[in-house]
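Quick mapping for you: the protein sequence lines, in order, are chains S and L.
Residues in the first sequence are numbered from 1 upward in steps of one, following this note's numbering.
Residues in the second sequence are numbered from 1 upward in steps of one, following this note's numbering.
FYI, nobody ran anything at the bench for these hints, they're computed from the structure.
Glycine included, C-beta positions come from ideal geometry on N, C-alpha and C.
DMTMM-like cross-link-like pairs, simulated, lysine to aspartate or glutamate; straight-line CA separation at most 20 angstroms: (1) S/LYS16 <-> L/GLU206; (2) S/LYS337 <-> L/ASP95; (3) S/LYS337 <-> L/GLU91; (4) S/LYS337 <-> L/ASP89; (5) L/LYS15 <-> L/GLU204.
If you anchor each label on the Cβ, the simulated ranges turn out as follows: (6) S/ALA28 <-> L/PRO315: 26 to 36 angstroms; (7) L/SER83 <-> S/ARG116: 38 to 48 angstroms; (8) S/PHE361 <-> L/PRO344: 44 to 54 angstroms; (9) L/GLU172 <-> S/LEU318: 23 to 33 angstroms; (10) S/GLY356 <-> L/GLY341: 50 to 60 angstroms; (11) L/LEU213 <-> S/ASN282: 19 to 29 angstroms; (12) S/ALA28 <-> L/THR87: 52 to 62 angstroms; (13) S/ALA218 <-> L/ARG98: 42 to 52 angstroms.
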Amino acid sequence: MRLPERFDRVLELVRKELLQVFRDPRLARLVLVAPVIQLLAFGYVVSTDVRRIPTFVVDQDRTQASRELVESLTASGYFRVVGRSERPRDLVEALDHGRATAALQIPRGFARDAARGAATVQVLFDGTNSNTATVGSAYAERILAARALRAGGLGRRPPVELRERAWFNPNLVSRDYNVPAVMGLLLLILSLLLTSLAVVRERELGTLEQLMVSPLSAAELIIGKTVPFALLGLFEMTLITTVALLWFRVPFQGSFALLLLAGLLYLLSTLGLGLLISTVSNTQQEAMLSSFLVIMPTILLSGFMFPVSSMPLVFQWLTLLNPLRHFLEIVRAIFLKGAGLGALWPQYLALLAMGGALLSFAATRFHKTVR
Amino acid sequence: MTALDRTRLLAIARKEVLQLRRDPRSLLLAFLLPALLLVFFGYAISWDVSNVRLAVVDQDHSERARALVDAFRASGRFVIAGSLERTTDLEPLLDRGRVRLALVIPPRFAADLDAGRTAVVQAIVDGSDANTATIALGYTQAVVQQFSAQLLFQTRRVRLPITAATRIWYNEELASRNMIVPGLVAVIMMIIAGLLTSLTIAREWERGTMEQLAATPVSRLEVVLGKLLPYLAIGLVDVALCSLLGVLLFRVPFRGDALFLMGASFAFLVGTLGLGLFISALARTQLLATQAGMIATFLPGFLLSGFMFPIDNMPLVLRLVTYLVPARYFLVVTRGIFLKGVGPDVLWLQGLLMILYAVAGLGLAVRAFKKELG
Chain S
1 MRLPERFDRV LELVRKELLQ VFRDPRLARL VLVAPVIQLL AFGYVVSTDV RRIPTFVVDQ
61 DRTQASRELV ESLTASGYFR VVGRSERPRD LVEALDHGRA TAALQIPRGF ARDAARGAAT
121 VQVLFDGTNS NTATVGSAYA ERILAARALR AGGLGRRPPV ELRERAWFNP NLVSRDYNVP
181 AVMGLLLLIL SLLLTSLAVV RERELGTLEQ LMVSPLSAAE LIIGKTVPFA LLGLFEMTLI
241 TTVALLWFRV PFQGSFALLL LAGLLYLLST LGLGLLISTV SNTQQEAMLS SFLVIMPTIL
301 LSGFMFPVSS MPLVFQWLTL LNPLRHFLEI VRAIFLKGAG LGALWPQYLA LLAMGGALLS
361 FAATRFHKTV R
Chain L
1 MTALDRTRLL AIARKEVLQL RRDPRSLLLA FLLPALLLVF FGYAISWDVS NVRLAVVDQD
61 HSERARALVD AFRASGRFVI AGSLERTTDL EPLLDRGRVR LALVIPPRFA ADLDAGRTAV
121 VQAIVDGSDA NTATIALGYT QAVVQQFSAQ LLFQTRRVRL PITAATRIWY NEELASRNMI
181 VPGLVAVIMM IIAGLLTSLT IAREWERGTM EQLAATPVSR LEVVLGKLLP YLAIGLVDVA
241 LCSLLGVLLF RVPFRGDALF LMGASFAFLV GTLGLGLFIS ALARTQLLAT QAGMIATFLP
301 GFLLSGFMFP IDNMPLVLRL VTYLVPARYF LVVTRGIFLK GVGPDVLWLQ GLLMILYAVA
361 GLGLAVRAFK KELG
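Here chain L stands alone, though its shape is the one from the complex:
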């Protein structure tokens, strides 16, 4: 039943290719989607918080107060979006989201400093976007701390006994695109591959061509492999395309071995395509298969792979779930190859898991695919 005959296998693959060619728009989308996503992520989107709109309420009007405001301006993180006299004027600005942060310098700011007392300035932040607010507050603290330290060193002529030299490895300029592009290669593959095959068997059921397929002598393994091959080719082209775009267009470093990347992608794609076929064989209607495919690929791919949200931050239950998400391991491989330049000597465990996933995906698809009608 699971015998493998090359002619029959290739015949199924040819049929699938023909069907794909007759649907050129789907084929175009399969290549367009990854490229488009990459461009969006590369150009439009970043975690980096910049140009924080800041309102200043300067109630002191002193040289010192202006120096503090200048320190904010000079940091390059803030845009001074308004100067106010009273704190009550802040409310409409924050309410309407015109400014994200307000700095209040109290009336006796310079006097306190000159008298050697601690001067307190206030930062009011729009907390509704907690992430941006946290980062913006971090910038504010840094500016104030530096301003404060400078004053201290000017007046007391001391220096800090311990200094921390911070260095960033692998992504020296801390660009979020360097984090996103290699991750995106993994996530896109998870989604595209899953979506592409999730309809192929359900389609045969829905159109009634399953009966024809059942009447032929092909085995289950031949059908599954035959349906998988054309999409595997598409997926591999997609990986190469994404990597090339990332390196050429977005200047993401590629420090590892391209061949190793293709090998790992091969195994990962086989597993994910198999998963898609498994969903398709179980669903039998395309309506169900689209919904199930979306949940099986989109959710784990984006959320549980560590693509954007660090796994360390998740609650224990979800952290355990991520061990079952193959994209998690593939992500380690792509980031390792792109940014760290490491090879199989470091990534062997992930590679092994990829192969295991490929076998499991194929096995599931073959088991779920039944030629018997009714």
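Okay, chain S solo, but in the shape it has when bound:
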């Protein structure tokens, strides 16, 4: 008798909370459509493959040899010529204005010097985007070295040859690595933002008192304030997985059940954080800014775009406390490696521990404020 009654009360609160989200059709649309748009944008944009580098060419030699040199650069697909001139001044201007990221300068007498075996060409890179410049200059040097070997009659096979193989992602498609990870990001943003406003909204509008005089216990209130967003989160996860598989054709090697379990454990943390923010904030603006304060470092220190192994040691340890880091490891391993609990149990355990701790801490804080 008591239990069903309690269950009904919580269900009512869950209904109310979901109603509040979906009553506003614009918000409903935003919650449903925004993740898909963001996934598409992330899927297409988040790529560090360097291609089509806009290149300015100053060819002062204008010979067959110099044209072939330019040709070998563009034929690789890594460079495209956006402008040509004979004056070095134009090169400076193109780089200054950002019209070109790379520049190749072939001096007068290049063909003659090359035949004598001592020609030098100048390759310039705009280092403003350090990633493009690092990868691009390596490409340029490799292409030009190969060209030089051929020009020197050393085109035969070099003494040591490298044969490359990539495991887990044979074509080295960065999208297969990034798209599954976007799930963790979007879940964080959606569930944290929604939960963080859940309690403080009632406080700001003065309806928290009404909830407090209702027969709902603190525990029931907490369940009512988190379960709706957990449901939304799981729905969103399914949506994102569907788009990733059908649209981006990301390979999926593992088990859906394990993925869902990981999502559930991960949501414990994000909901706990959201509830905590909501409890300690006085206004919705404060809650929003605090959420953002939590969201940004969580994303940056997760290994989403920046590999954890490149961070200073202290920050590498810090990332162990980041639920998103563990969730991403799970998601990527399930999608790309088809890993199971045998390999991933530490991550699942970490998510469970962190989620439990955060949620219970938030609950105690919440309990204190309500009483």
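Since the structure of chain S is already known, use the hints to place chain L on it.
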């Protein structure tokens, strides 16, 4: 209706300042957030791939094979994280992510080299992080190529007929923080400014104070400008703070004109704050405004501005979309001022677009803001 009266305008601004002061935590966050982001980006995060964990399977055990491994060690890019006898031992290491790359030197490596045959070594990379894998393979190729060239020159006494002299401009040491800090100034402004104002009008609706505001004789333009001014001040302080931190703490070069930076920031902030007010006026609830604000600022700011991901790499449709992202132009301005030391003579078009954006942002906000109730 859109008349401008200084007293009324300042009264609205004063009210907004009062409200901000009563919410000191929000105010603190508005200054803390940019500084914190800057520190994270400056200290913790970089694109640079370093200390690639490498496993070596040396099946040759020769002097030559050891020389190749030494070449890897000496490159400074790799950490030798394991020496194995059999390739089958590699699997658990790669599976668990203990090593990212494995180098397999076959049994007849030295014999092949001495006989003048091409010796083949194999690199096996964990491709799941395609970006790191590509860069790590690039390093591997460079080491092997150099090793190979050295052998060639030792035995045949030749040198390459063409050499490429590579030089990097603007960011000579290719530090990713030099790329990130100036960009971050632009991106943070986009997000903070958008977030700050996106709640201000929705709040009035939600709390019911809109009726009071509607009963006063203030015009729409006065409300919008009055709400914008305090946040404009915060934003400008944020820009100055970020720039100072970047230069003093992270030694990012500042080669241009500080005044020009503040001018461009002023226009960009007005536009973005206006955009935030526009969202706020349309949303009318703070719940909707937070979600909409996040999407309108976070997504274009981080993804479509060219901050981290080069616009040249995007598919055509997205490349066209980026032309509508003001942060894209502001980013060119901040990087130009910080790293290239260029001024209005080069950046006039971007400056003009900033001003256009400011006018558009204000216009949108004024149009969307309706005093009529119901």
